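Here are the chains, one letter per residue:
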Amino acid sequence: GAVVSQHPSRVICKSGTSVKIECRSLDFQATTMFWYRQFPKQSLMLMATSNEGSKATYEQGVEKDKFLINHASLTLSTLTVTSAHPEDSSFYICSARGLTGGNNQPQHFGDGTRLSIL
Amino acid sequence: AQSVAQPEDQVKVAEGNPLTVKCTYSVSGNPYLFWYVQYPNRGLQFLLKYITGDNLVKGSYGFEAEFNKSQTSFHLKKPSALVSDSALYFCAVRDSMNRDDKIIFGKGTRLHILP
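Here the protein sequences line up with chains D and G, keeping their order.
Every letter in the first sequence is one number past the one before it in our numbering, and letter 41, counting from 1, is 41.
Every letter in the second sequence is one number past the one before it in our numbering, and letter 27, counting from 1, is 27.
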């Protein structure tokens, strides 16, 4: 149980392109999803917390107009990197937490999206 | 404020030997503690958690972790390492005093199991 699917797994595109990444909870409903960015050989950096039906909460230093997050249903959140540039190249990972059990339940992670901007 | 530290960038252990990956934390309230493992180009997989109760927590793939309140530690252990345990391990913490949902990850420890 508790499977999170993230798509696509890899994207290579030209500078200036907008890229959408999907994060789906397959066998559970998630009121809260998280978006992380991971640089090589580094830990995860939380970008934003996404709550179903409301605006995402962005971490300090993360441009909300650059990284658009939509959490339209209890099973789907999307991250759109708008007008991507080479410095946006990174490994993006989403996670989701189920409805039951409260805030001390573990997050379940997708397999990540490797974004490469040429 | 909550924080978590993994003092070792990497740990090398011979196959069959016991392994320990260290983690210490700092919180204002009670800690909710987690261990995750990451294989190359993959997301994180949940291994185990400590919320309350027994200090020794057993998790996936034969891993366990011991919560030590006095030392504010939550070290990950396995009695007999396998080559397939080689991966990047993250400790994470959430402070019960925080009203938000965020958990903080350590910088990760790369575990090398030598055949």
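These are computed hints drawn from the structure, not numbers from a lab.
Since we're looking at a predicted model, the values are computed, not measured.
For every residue, glycine included, the Cβ atom is placed at its ideal position computed from N, Cα and C.
Keep in mind that a hint or two might mislead.
[What the hints assert, rightly or not] Under 7 Å between C-beta atoms, here's a sample of chain G residues computed to sit facing chain D:
1. F34
2. Y39
3. G43
4. L44
5. K49
6. K58
7. Y61
8. K69
9. D101
10. G108
[Claimed, not checked] The calculated label-pair distances, taken between Cβ atoms and stated as ranges, are:
11. D:D65 - G:L82: 30 to 38 Å
12. G:R110 - D:D65: 34 to 42 Å
13. G:L114 - D:S116: 31 to 39 Å
14. G:R99 - D:L68: 22 to 30 Å
15. G:L82 - D:I12: 48 to 56 Å
16. G:P79 - D:C13: 42 to 50 Å
Against which earlier hints does the structure fall short, listed by number upward? Hint check: 2, 6, 7, 8, 11, 15 fail, others pass.
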